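First to last, the sequence lines map onto chains A and B. Quick note on numbering: the numbering used here labels position 8 of the first sequence as 8, and the sequence is numbered without any gaps. Heads up, the numbering used here is the position in the second sequence plus 183, with the first residue counted as 1.
Hints are computed from structural coordinates only; laboratory data are not their basis. The structure presented is a predicted model; accordingly, all values stated were derived computationally and were not measured. Backbone N, C-alpha and C define an ideal beta-carbon position, used for all residues, glycine too. Among the hints, erroneous ones may be present.
Partial list, derived from the structure: chain B residues whose beta carbon lies under 8 Å from chain A [said to hold, decoys possible]:
| # | residue |
| --- | --- |
| 1 | G196 |
| 2 | L201 |
| 3 | P255 |
| 4 | F258 |
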Amino acid sequence: MAVEQTDAQLVSRCRAGDPEAWNEFVERFSRYVYAICGRGFRLAQHDAEDVFQEVFARAFERLSELRSDDAVRPWLAMLTRRLCIDRLRLIARDTPSDSELDEAAADDVLGQLDDAMAVRDALDKVGDPCREILDRFFCRDESYRTIGERLDIPAGTIASRISRCLEKVRSELDGRNQASRPS
Amino acid sequence: MREMNGFDEEQIGRLLRLLPPAPEGWVRAAQELPAARATLDELVARAEQDAEFQLQLRADLERAVAAAGYDPSPFVVSRLRRLLEEV
């Protein structure tokens with residue numbers, strides 16, 4: 001199984017100036033920030049890109065102000081949320097329309113994204129080849145044929161591999177919940 | 184972590200679909216922030232010592248940054264613009 005660093009360990013390495021750590025930080029949270037911009041607040045691609053870059057710029061500049069390294073994910077979520085709202089208000093000011101910003105609906109999506117990140121963590125724990133197969137199928141929307149070609153495995157076996165991998169992720173999630181439950 | 188019990192395979196698949204990868208170019212640009220920060224520091228130091236360069240930045244920021252041999256990335260341009268406004 002892959003050995004993954006905790007968010008706190010990664011933040012600590014970033015603070016210490018480890019050049020590889022920042023790359024990993026962006027890699028780890030880029031999907032989350034991207035999804036908040038796109039799915040949560042439905043920003044157009046060019047607006048989402050601006051917010052995405054600004055989130056990481058501020059994170060880079062202010063990582064030392066984070067009170068608890070463990071809290072980096074909610075901190076990033078709040079930062080992204082605030083910048084998305086600012087952007088939408090700016091757009092509304094420049095081009096008024098009837099549609100109103102629905103913060104409650106966006107916050108519902110943010111809750112789902114937190115669940116999705118927990119699933120993603122479990123998938124990272126399960127590691128390859130499951131991570132690769134499930135990522136290609138669910139996140140990159142690749143066909144069985146494409147996955148088979150890219151990973152050099154028979155396309156006819158992809159469906160059963162996906163099923164087995166999903167089962168492993170579920171077991172990983174169940175194991176975490178049992179471990180975190182008081183005895 | 185929120186309680187995830189009871190999530191079946193279908194729900195796990197649905198949740199995974201919510202997190203597609205961000206465009207590669209965006210990720211790369213964010214990863215280059217430490218280098219951009221170093222560029223910014225150099226440009227600020229030069230602008231503080233060179234009044235002519237500061238005038239060029241105020242006249243056409245992106246062109247002046249590029250002419251000085253630096254990449255006028257959005258991070259560098261936005262931060263530099265903010266700093267110039269404050270001076």
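Here's how the hints hold up against the structure:
no., hint, in the structure
1, G196, "holds (5 Å)"
2, L201, "holds (4 Å)"
3, P255, "violated (14 Å)"
4, F258, "holds (5 Å)"
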